[in-house]
Structure formats: C-alpha cells, structure tokens
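Engineer: Each chain, letter by letter, is given below.
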Amino acid sequence: MTMQTTDLTVRKTVTVSAPREHAFRVWTERFNDWWPSGHHIGEADMERAVIEWREGGRLYERGVDGSECDWGRVLVYEPPSRIVCSWQIGGDWKFDPDPEHGSEYEVRFIEQDENTTLVEFEHRNLERHGAESAQKLYGAFSNEAGGWSGILEGFAKVASES
Amino acid sequence: MSALGDPTRRAIFERLAEGPSAVGELAKDLPVSRPAVSQHLKVLKEAGLVSDQQVGNRRVYQLDPAGIGALRAYLDQFWNQALAAFKEAAEQTDEEVR
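Protein chains in written order, with our numbering: chain Y, 19 to 180; chain R, 585 to 682.
Treat the hints as calculated values from the structure; they're not laboratory data. A portion of the hints provided could be inaccurate.
Each computed DSSO-like pair below joins lysine-lysine, with the alpha-carbon atoms no more than 27 Å apart [stated by the list, open to error]:
hint : chain 1 : residue 1 : chain 2 : residue 2
1    : R       : Lys629    : Y       : Lys30
2    : R       : Lys612    : R       : Lys629
3    : Y       : Lys30     : Y       : Lys112
4    : Y       : Lys30     : R       : Lys671
5    : Y       : Lys112    : R       : Lys629
6    : R       : Lys612    : R       : Lys626
Remember, it's a predicted structure, so these values are computed and weren't measured experimentally.
Sequences and hints are given; from them, build the entire structure.
Structural biologist: Listed below in structure tokens is the structure:
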C-alpha cells in the first residue's frame with residue numbers, strides 16, 4: 019500500500035454502550051433511524067434511507083415522491099461482527115454504477131464486554147473515485163440548485179478550511 | 585468562501601482541467617498578474633484540489649487526483665456526524681429494550 023493510499027483512508031472508532039448484536043442490528047435494520055437525513059443525493063427530499071442487509075444488497079434512498087437513488091451495495095455481510103459496503107457516489111454527487119469507480123467502507127463490531135461494543139470504521143480506496151471526479155466536483159460546486167446544496171455548502175466549507 | 589467560490593480560481597481550475605500548466609502560461613491567458621495566479625494556486629492546493637510538480641526548471645500545476653483531499657475531508661466530517669448519531673441510536677434503543 020502506498021503512502022498516498024494510507025493518507026486517503028478515513029478511520030474512526032466509536033465505543034457504544036450496547037451489546038454487539040444490538041449495535042450491529044441498529045447499524046443495519048435501523049439504518050434510517052440514525053443516518054443524517056440531510057445527506058442524500060436525490061432531487062426529492064428523502065423519505066427513507068434503506069439498506070438491504072444481505073450480501074449483494076442495495077443501499078439507496080427513497081424520495082418523498084417515490085423515486086429511488088442508489089448509493090452502493092453490501093459487499094460483505096457477517097453479522098454481528100462486520101459489514102462492508104461500496105460507496106458509489108462520485109464528485110458529482112451522483113451514483114456511478116461502475117464499482118471500479120467507487121470507494122468502500124467497512125464497519126467492524128468488536129465486543130469489549132457484554133454491554134460495550136467497540137466500532138471500528140474505515141472508508142478506503144477514495145482514489146478510485148478517479149481524476150474525472152475533480153471536474154465533476156467543479157460542476158457540482160457551480161450548481162447551487164438541487165436538494166443537495168446543503169451538502170455542497172458543508173463540503174465547500176471543509177474544502178476551503180483543509 | 586470556498587476554494588472554488590472565486591471566479592478567477594474557477595477559471596484556473598477549469599483551465600487545469602484541460603491539462604497541466606505552469607504559472608506563466610496561466611497568467612498569460614487570464615486577466616490577472618502572475619503573483620495573483622500564484623496566490624490562487626496556493627489556495628487551490630491547500631484545498632486539495634490542485635497539486636504541483638517540478639518538471640525541469642518549471643513548476644507545473646495540475647488537478648489533484650479528483651480533489652480527493654477535499655473528498656476525504658468531507659467524508660471525515662460526515663462520518664463523525666453519522667457515527668455520533670449511530671451511537672446515540674444504539675444506546676437509546678438498547679435502554680428501551682430493557
């Protein structure tokens with residue numbers, strides 16, 4: 019693994035005061051309950067964030083108008099210890115059906131004691147979003163309209179501070 | 585203001601989207617001075633949108649692979665928010681169950 023790849027990985031840990039099985043089920047079965055609702059890519063307001071918790075299952079949003087926008091796929095599903103999903107949303111905030119252009123995130127649930135779970139999170143392979151993404155990013159920044167302008171404002175703020 | 589919120593910086597960014605370029609070449613095509621171009625490039629570089637490279641005696645600027653520095657910074661902040669919300673949901677519902 020090159021230095022650049024290492025630097026581009028987002029790593030997080032969070033300790034949850036709940037049993038491992040429970041934590042895993044909240045991540046999968048209750049996905050919509052905690053997913054930040056402002057974070058979606060469809061034109062319509064999001065009604066629900068959905069994860070089909072099985073290998074090969076879809077991750078997608080359903081809009082209030084019934085439309086659906088894919089986000090990625092479940093790559094690995096190993097309850098209650100691990101889930102890996104692809105993140106196929108590029109710099110234009112649109113779904114890219116080619117998994118080769120997508121990054122992926124892994125969530126590991128590690129039992130500390132019967133009521134404590136360490137959650138290790140890793141979002142990797144960001145470089146796969148590719149060089150084209152920079153140009154799309156420009157297009158996204160210059161487009162102020164759309165349901166995702168809030169995301170872009172957040173993005174722009176972070177981008178300008180980093 | 586975002587790195588691409590400035591029209592001159594957008595113009596530089598667009599120009600670099602067509603291919604790598606040196607400061608002098610960019611300044612020639614744009615109605616701004618060479619030091620101003622350098623300053624804008626510095627902002628774009630700090631935002632992870634542009635990278636530079638020494639080629640012989642020239643410093644050449646190009647789009648950073650996908651502005652991935654910016655994408656990473658965004659995701660880093662996003663996942664902090666999402667994981668905090670997940671923790672809250674997991675701990676709250678666990679209490680309700682018992």
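Engineer: Let me make sure I understand: some of the numbered hints might not hold for this structure. Which ones are they, in numerical order?
Structural biologist: none
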